[in-house]
Each structure stands twice: as C-alpha cells, then as structure tokens.
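Visitor: This is what each chain is made of:
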Amino acid sequence: MDEQVVTEETTAPEPEKPSKDFLDRTWDFFASVPVAVVLLFIVAAASVAGTLVPQEGMYSDWRTPSEFYPFRYGAFWGNLLWKTGMTRMYTSWWFMGLLFMVGASLIICSLERFIPLWKAVQRPNIAPPSSFVKHLKNRFEYKPVAGAEALAPLAAALKSAHYTVVQKDGRIYADKGRWGRWGPYILHIGLIFILVGAMVRVFPGAYMDQFIWVQDGEIAKVPGANWFVRNDKFTLETYENGQPKAYKTQAVIIEADGTESKEHTISMNLPLQHKWIELYQSSYKNEVGTAVVSLTDRATKQQIGTFTLDLHQPETAYKVGAYTVKINEYFPDFGLEGGKPVSRSSQVNNPGAVLEVIGPDGKAYKNWYFVAYPEMEFDPTTPVTLGTEEVTERYTTGLKVKKDLGIPVIWFGLIVVSLSVCVTFYLPHRRYWALVEDGRVFVGGWTNRNQTSFGDEMNRLANRIDPKNNPLQTVVEGEER
Amino acid sequence: MSAAVAQRYPRYKRLTTVGVLLVAALWVLYVLMRPSGTVEGIANGTPAPDFELKTTDGQTVKLSDFKGKPVMLNFFATWCPPCRAEMPALQEVYKEYEAQGFVILAVNLNESNLAIQAFRDKLGLTFPIVIDKTDEVSRTYGIVPLPTSYFVGKDGKVVGKWTGEISKEKLVSYVKQMIAQ
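Chains as they are written, first to last, in numbering that gives the first Met the number 0: chain A, 0 to 480; chain B, 0 to 180.
No lab work stands behind these hints, which were simulated from the structure alone. Quick reminder that beta carbons are idealized off the backbone N, C-alpha and C, glycines included. Just so you know, not all the hints are guaranteed correct.
[Unchecked claim] BS3-like, lysine-lysine: derived pairs with alpha carbons at most 25 Å apart:
#  : chain 1 : residue 1 : chain 2 : residue 2
1  : A       : K136      : A       : K167
2  : B       : K53       : A       : K220
3  : A       : K399      : A       : K261
4  : B       : K175      : B       : K53
5  : B       : K121      : A       : K365
6  : B       : K132      : A       : K232
7  : B       : K169      : B       : K94
8  : B       : K121      : A       : K339
9  : A       : K220      : A       : K247
10 : A       : K300      : A       : K284
11 : A       : K399      : B       : K132
12 : B       : K169      : B       : K68
13 : A       : K82       : B       : K160
14 : A       : K118      : B       : K66
15 : B       : K66       : B       : K160
16 : A       : K401      : B       : K132
17 : A       : K325      : B       : K121
18 : B       : K153      : B       : K169
19 : B       : K68       : A       : K284
20 : A       : K220      : B       : K132
21 : B       : K61       : A       : K220
22 : B       : K94       : B       : K53
23 : A       : K399      : A       : K284
24 : B       : K94       : B       : K68
25 : B       : K132      : A       : K261
26 : A       : K158      : A       : K232
27 : B       : K175      : B       : K68
28 : B       : K121      : B       : K12
29 : B       : K61       : B       : K160
30 : A       : K247      : B       : K132
31 : A       : K220      : A       : K399
32 : A       : K118      : A       : K142
33 : A       : K19       : B       : K121
[Said to hold, decoys possible] According to the in silico footprint, chain A covers these stretches of chain B (three or more CB under 8 Å from chain A):
#  : segment
34 : 7-16
35 : 73-87
36 : 105-113
37 : 131-140
Whole structure, please, built from the sequences with the hints as guidance.
Guide: Here it is as structure tokens:
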C-alpha cells in the first residue's frame, strides 16, 4: 500500500496501473502512520500553546476579549490571536478539526490493519502446506498408537486446555486467546472515546466554567442550572502567621420547588456535585458585617447607649434612648478622589459615614464616623462622641461552577484503554496446526506473546501424548517427580 | 474487464471515507456556525431575557411589564464615576420621551438601599431602579464594564448595547429609533 503511494507520487504512472480517485487518496492519507504521527504532534504542540496564551474567561481583567488581547499583546498580535481562535483554543474550529482528523486517522489506520487481521484470525487457514507446519519454531511430533485415530489424543489434550479445536480432512487447527489480537484496536476505540470527550464541550449545555459569589446565609442561583445553592457558613482556617490554611463552605442545594436536596461541605478538592455540575471552593471575600456603635457624652464621658449598624443594609435612622442617629451619607469603601469623599466600590472594606446625631433638645450635630477609626473626628466640639464597641465579619464564598459532560466520556475511554492494555499483555493468542505424514503426527505452534511459556505448554502437551519421544525439558525442582 | 476500468479500493474502505468526509464537513460547519461560547452579552436582534427584580421599596418589577414600550436597561453602581456622570442626561431624556412610552429601567449591582436612595434623591431620578442582588441578571446580560446599557425595542428584542458613559445625543438617537419601530 505504502509503496504504491510512493511510486505514484515520484514517477509517472504506468499506463496499466489505474490512477486512484479522490476517495482512495483520502483513505491513503488517513491510513498513513506518518500522517497520524504528524497530526498527533500538531495537537500536542497546539495544546501546549493553549496553556501559554491566557484563554478567554481565564484572565482577570474587566475587558471583553476583543479589547483585552490587543491591550495585552499589542494591536497586531492581539487581534491575530483572537481572530484565529488561539484565545479559546479548546473550542476553536481548527483545533476541533485537528481532533477530528486524529479520530479519522485512528479509525482508518485501524481498519486498514484490522480487516485483514480479522480475516486471518477468524477464518484461519486450517490446512497450510506441510512445510509451514514442520518449520514453525515451536513444534513436536509423535507416533500414534497403532489402530487408534491418529489425531484423537492431540484433539483431546487441546480441548482439555480450553482450545477451540477444528478437525477436518486429517488436519487439526486449534487456537485460543483470539481477543489478545484485538488489544491495539480496543486501545484505539478507547482513544476515540477520549477524543469525543474532548470535543463534546462545543455542544450547547455540555460545558460551563463560571464563578459565583455567595454571602453567608444567602442563596444564589447556579448559572446554567435551575437550582440554587445556599451558603450556610464559610470558614477560614489560618496558620499562626495569618496565612490561609484551608477554606470551606457549608453548602445546601435547593431545588426550583424549594426542597433542600443535598448538604455538603465544599473545600479544596472536595467539590459539591449535583446534576452534572460541580461547585469548587475557589475564593472568598472578607468584609465588615455589622458594627455596634456607642454614643458617649463628651463632657461627662458617660455612655448614652449603643445601636447595631448593618453595614450592608443600613437603616436611614436609628433610635438610641432619647437620641436619634441619622445616616446622611454612607461610603462602604471610603476613599478620597480629588479631595472629595467617594466610595471606591460597593464592598464594605473601609466603611465611613456622615452621621447626624439629634439630641433630646432637638439640636442636631453632624460628624464623620469610621467603623475602623472612630477616633478620627472632623468636628471635636459635638456634645456626643461616637465609638465602635464591636465589629462582626461577614464572609462571602467564591465558588467555581464547572460542568463538562466530556469528563465521563473521557473516563470511559480511559477504562477501555486500560482494558486493552490488560488484553494485550495477559491474553496471548496461541495457535496449533497438526497433520499426519508417513505415519507420524507433526504438530506446529505459534503465539504472538510470551514464547517461553508457550514452549513449556507445548512440551507438557507433547509429553502427555507421547512421553517416550518427548521427555519434559525444563523441569522445575520438586515438580513432576 | 478492460485495463481502463480503474481498480478501486473495496467498498468498506470507500464507504468509510465517504462517511469520514461527510461527518468532517458537518463537524466543521457546526463548530463554525455555533453561537460563540464567550460571554459578549446579548446580541442585537435577539430577545432580551426577562427578569424579575425588586426596587428599594420591595416592589417587584419585571422587564416584561414594559412589553410594547421602548426600554433602556441601564446597569450601574452608585460608586462608579461614569455612571454618576451620565445620570443627568438619562433623567432629561426620560422626562422628554416618557409621554411617548419610553422607559428607563436602571439595574443596580447589589448595593444597599440607603446608597441607592441617596443617589436617586441627590440626582433627582424618577425612573424605576431595581437591585440585582445575586448578579444573576448582570451575568445573563454579560455586563463587564460599568455603566453598560441595553436598548430593548417594542418587540422585546435588543436594538443596541452601549458600554461606558453615553452622550445625550447618542441616547436620543437610540430612543428615536426605538419609538419609530
């Protein structure tokens, strides 16, 4: 086959040799082992390249992909990477095309070799020329007992050794372990499953990689699903130096109808699995939750009272005894921009507020209040000072939401691959041919694996049928004595 | 058989090749044609996904409540300077075209009622403001920078998307386009 291709490409076609049409050439292309090797090499190189370029949705930047890549790599290279799909490689048309070609090559290479092999194994030549049988590396001969059927003892011995025995026209053909020959092809089937698993993600609903924030005690809808997750408690364990040691989230799954169907503590490498979706512990936020604020008479240093300020959902006014505290302005993430107070985000990182304290006499005084720095006053003359008695923290867990229906397919493929390895290594195909010539029976054998063990088997077989002519050759100490 | 008749490969080989080529064509076509898997928001001409959110007073507002009216969906946060900068223009245009059915539905990204009310009162905003507590709506609409606005026509389909601060002229041209629909 390969020779034909070479002659056709290098020399002018001979007149009587018909030229191949497109279909035959396509077959030749995919049946070629060098082509398969080159394809695998390209896929490997592309996969490595895909890990070097940050993929879409993986980079941490607010820009959309069409803006991010030119920004990161310059207009030319950025646009080139983005337009060619290098930035979403594992779903790009050309990568998917390459995987498909690897699959086609696997199937056609296998068929090219499997079909002739199948014929040879399943429809063996029962009566090969006698010289073939006599010249096999593993062989023996025996003298049949006069008057008895010459091949009968061999047939019986092979049958008792679980061989499939065919007896026809004074010949014997026997074999076992045919599956041992299919090992490489089973391996290819496994590889095709792995390829399909990698390609499945381009189908809608088969693949997802998202991220959600869930505050302690809150419920969030899981993207791409019709169920919800509740964060009962996020816990952060730290080492003595303050480095985070472990994070975990006590999570509850809530179905669309409101029933709680699953409880699980999500931690590193212990994701929550539900209906093909996995929730991984990925990140966390630590914010100020509530603060207990005290009012103290500046002159007498007597505490007037306290109130609890929810920094995520503050009220407009709080009553403290005969006093009223109004929140005029609130900055959860206080900062200064151009000399003006602003909130840099909605996260409660450094809460500050302008509070208006109205005394029992109806007089109102405004002052700044910072939860973390209550001593920072802007007006030290107000009759009431504000203090922070107690601060609670509020955690928000960051969960990665992953779905990949290709994973079970890939696992199945891996199981098939390991089965094929077992079959290839532990199931040798053993064949026997026998014929009668000049009153003697000639027996020849062949195996594709583990020649020594096959030789032993044949020697024991020969010894059983005709001990006089076939003494045991390798006798292990203590055995058969 | 004359020598001119080409000796082709066996049928199973040729059929397999035909199958491979067919599936390859379908596969490449599918991968090329399928909607992009990246989050770039809702494309023009596609229906704007419906949602149900609450205002600071706890009232429920649905996008579908405004079916048949031209709607501007404005995703904002009170701490984002360009959001604050474009609000006066939004309020002016809203006042001007309210009588013709134009609606602005402002979607706040999970802030406290106090912050939103203070923002609303300071800027004198009269259009409805709802709070996207779980980021679900902004995720659906693929909101990356703030502010981002979607224009939803009378038929409920997206007419346009604008990221960043919008000028009054641009806003008016969108509103006129939607009213003329």
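Visitor: Each hint needs a verdict: does it hold in this structure or not?
Guide: Here is what the structure says about each hint:
1. Distance restraint check for K136/A and K167/A: the Cα-Cα separation of roughly 24 Å lies within the 25 Å cut-off, and the hinted pair is therefore satisfied.
2. Note on K53/B and K220/A: the hinted pairing holds, with a Cα-Cα distance of about 16 Å set against a maximum of 25 Å.
3. At most 25 Å may separate the alpha-carbon atoms for a hinted pair to count; K399/A and K261/A meet this at roughly 18 Å.
4. Between K175/B and K53/B, the direct Cα distance comes to roughly 29 Å. Violation of the 25 Å bound is thereby established for this hinted pair.
5. A C-alpha spacing of about 18 Å is found between K121/B and K365/A, which places the hinted pair at or below 25 Å, so the restraint holds.
6. A C-alpha spacing of about 19 Å is found between K132/B and K232/A, which places the hinted pair at or below 25 Å, so the restraint holds.
7. Of the supplied pair hints, the one linking K169/B and K94/B holds, its CA atoms being roughly 16 Å apart against a limit of 25 Å.
8. Among the hinted pairs, K121/B with K339/A is consistent with the structure: their alpha-carbon atoms are about 16 Å apart, no more than 25 Å.
9. For the hint linking K220/A to K247/A, the alpha-carbon distance of about 19 Å falls within 25 Å, and the restraint holds.
10. As the CA atoms of K300/A and K284/A are separated by approximately 37 Å, the hinted pair breaks the 25 Å bound.
11. At most 25 Å may separate the alpha-carbon atoms for a hinted pair to count; K399/A and K132/B meet this at roughly 19 Å.
12. Annotation: proposed proximity of K169/B to K68/B holds, straight-line Cα distance about 19 Å (limit 25 Å).
13. Our distance criterion of 25 Å between C-alpha atoms is met by K82/A and K160/B, whose separation comes to about 22 Å.
14. Proposed proximity of K118/A and K66/B is contradicted: the alpha carbons are some 69 Å apart, above 25 Å.
15. For the hint linking K66/B to K160/B, the alpha-carbon distance of about 18 Å falls within 25 Å, and the restraint holds.
16. For the hint linking K401/A to K132/B, the alpha-carbon distance of about 22 Å falls within 25 Å, and the restraint holds.
17. Distance check on the hinted pair: K325/A and K121/B sit about 16 Å apart at the alpha-carbon level, within 25 Å; holds.
18. The straight-line distance between the Cα atoms of K153/B and K169/B is roughly 19 Å, inside the 25 Å bound, and the hint therefore holds.
19. Note on K68/B and K284/A: the hinted pairing is violated, with a Cα-Cα distance of about 40 Å set against a maximum of 25 Å.
20. Our distance criterion of 25 Å between C-alpha atoms is met by K220/A and K132/B, whose separation comes to about 11 Å.
21. Restraint check for K61/B and K220/A: satisfied, since their Cα atoms lie roughly 18 Å apart, inside the 25 Å limit.
22. Proximity of K94/B to K53/B is assessed by CA-CA distance (about 23 Å); at most 25 Å being required, the pair is judged to hold.
23. A C-alpha spacing of about 14 Å is found between K399/A and K284/A, which places the hinted pair at or below 25 Å, so the restraint holds.
24. Simply put, K94/B and K68/B have alpha-carbon atoms about 15 Å apart, close enough for the 25 Å limit, and the pair holds.
25. Distance hint between K132/B and K261/A is fulfilled; the C-alpha atoms sit about 24 Å from each other, no more than 25 Å.
26. About 68 Å separates the Cα atoms of K158/A and K232/A, which puts this hinted pair outside 25 Å; it is violated.
27. For the hint linking K175/B to K68/B, the alpha-carbon distance of about 12 Å falls within 25 Å, and the restraint holds.
28. At most 25 Å may separate the alpha-carbon atoms for a hinted pair to count; K121/B and K12/B exceed this at roughly 77 Å.
29. Under the criterion of a C-alpha separation no larger than 25 Å, the hint pairing K61/B with K160/B is consistent with the structure, at around 20 Å.
30. Note on K247/A and K132/B: the hinted pairing holds, with a Cα-Cα distance of about 23 Å set against a maximum of 25 Å.
31. For the given pair, K220/A sits about 13 Å from K399/A by alpha-carbon distance, which is consistent with the 25 Å threshold.
32. The straight-line distance between the Cα atoms of K118/A and K142/A is roughly 33 Å, outside the 25 Å bound, and the hint therefore fails.
33. Among the hinted pairs, K19/A with K121/B is inconsistent with the structure: their alpha-carbon atoms are about 81 Å apart, more than 25 Å.
34. Residues of the segment 7-16 of chain B with a Cβ under 8 Å from some Cβ of chain A number 7, which satisfies the need for three, so the listed coverage holds.
35. Taking a C-beta to C-beta cut-off of 8 Å, the segment 73-87 of chain B contributes 4 residues in contact with chain A, enough for the three needed, and the coverage statement holds.
36. Given a C-beta distance limit of less than 8 Å, the hint that chain A covers the segment 105-113 of chain B holds, as 6 residues qualify and 3 suffice.
37. Against chain A, the segment 131-140 of chain B contributes 4 residues with a C-beta closer than 8 Å to a partner C-beta. That satisfies the three-residue criterion, and the hint holds.
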